[in-house]
Amino acid sequence: MEIKGKSIDKIEVGDEISASKVVPMDEGIRYAEASGDWNPLHLDDDFAQMAGYKGKITHGLYQMAFCATLFTDWVGDPGRLKRLECRFSGPLYPGETITIKAMVNKREEDVLSFDYEAENQDGVKTITKGEAEISLK
Amino acid sequence: MAEPKYKGKKFGPYENIVEIDDTKKYAEATDDLNLLCVDEEYAKKSKYGGIIAPPMYAVTYTVSSVMNSFTDPSMLEVVAGLGFEISLQTGVHGEQKFEFFKPVKPGDKISTEVEILNVYTKRNLNFIDFGTTSKNQAGELVTKGILTMIFRG
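Line by line, the protein sequences are chains A and B.
For the first sequence, the working numbering gives the first residue as 1, with consecutive numbering after it.
For the second sequence, the working numbering gives the first residue as 1001, with consecutive numbering after it.
Hints were generated in silico from the structure; no laboratory data involved.
Hints may contain errors.
[Claimed, not checked] Just a few of them, taken from the derived set where beta-carbon distance is under 8 Å, the chain B residues facing chain A:
1) Thr1060
2) Gly1094
3) Glu1095
4) Lys1097
5) Asn1118
Positions of the beta carbon are idealized from the N, C-alpha and C atoms, including for glycine.
Produce the complete structure using the sequences and hints provided.
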């Protein structure tokens, strides 16, 4: 994953890290098989359209997993994710680009806290109220 | 109408065995190439002594436990009193919180207890906060979560 932003030793409160990726067209089936989340909103265009969407939508938890990977890749071993939370605010469709932007809001000796959001290529928020805590050791 | 009397009602525990193929599959499906999760030789030399699951693998044992609680006979009693249906067809995952206490490894047996933390109505939508507490086979806390589902009335 290509992560933009400062490294652990240089990052300060107010600094941002970010990463983007295109959601694969087969995200729905791949994530369902891996997670056991077979909600038809993520697998069936007709079902999703009846629920008011343009078509099947990306699992919110897939987006959240991308956020988790941003933090774990950035901190590296032996750091680890202590806490991760978010609100799934809007649909993201397969083939769209997701960008996560995370800003440091607190730096303690061994723990960094972030606020984060995710949006699609048009700037529409798909994840809001994101919070993460990372242990540096 | 949402009834606060269901607050604190517990379901489970539901058991999940962690298989190495499943943790790797989760890592691959989410493009998580962390060597601790996918490279056995690298992971063996780490402080964990072997492969660990990606933190968000917690989804597999927590969401499935919440889904299993939907068909628990005592949940059916809850649903009868709520006045709205609890199902995948009427529900949307609104929010998720996880706290990670201990890494989960292949071979672990994870037991997850589900608890109704809150039931409320906003903007004509019904919300339920399901708390999840997951422990490994040694009784050690591995993950705590709150899964907020939104159900149409």
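Problem - Agreement of hint Thr1060(B) with chain A interface, Cβ distance less than 8 Å - result: Holds. Min distance 6 Å.
Problem - Per-residue hint verdict: Gly1094(B), partner chain A, C-beta under 8 Å - result: Since the shortest Cβ distance to chain A is 6 Å, the answer is holds.
Handout entry: Asn1118(B) as chain A interface residue, shortest Cβ-Cβ below 8 Å
Key = Check failed: Cβ of Asn1118(B) comes no nearer than 15 Å to chain A, outside 8 Å.
Problem - Hint status (Cβ of Glu1095(B) to nearest Cβ of chain A, threshold 8 Å) - result: holds, 5 Å
Exercise for the section: Could you check if Lys1097(B) really has its C-beta closer than 8 Å to a C-beta on chain A? Expected result: The hint holds - Lys1097(B) has a Cβ within 8 Å of chain A, the shortest such distance being about 4 Å.
Of the numbered hints stated above, the single one contradicted by the structure is hint 5.
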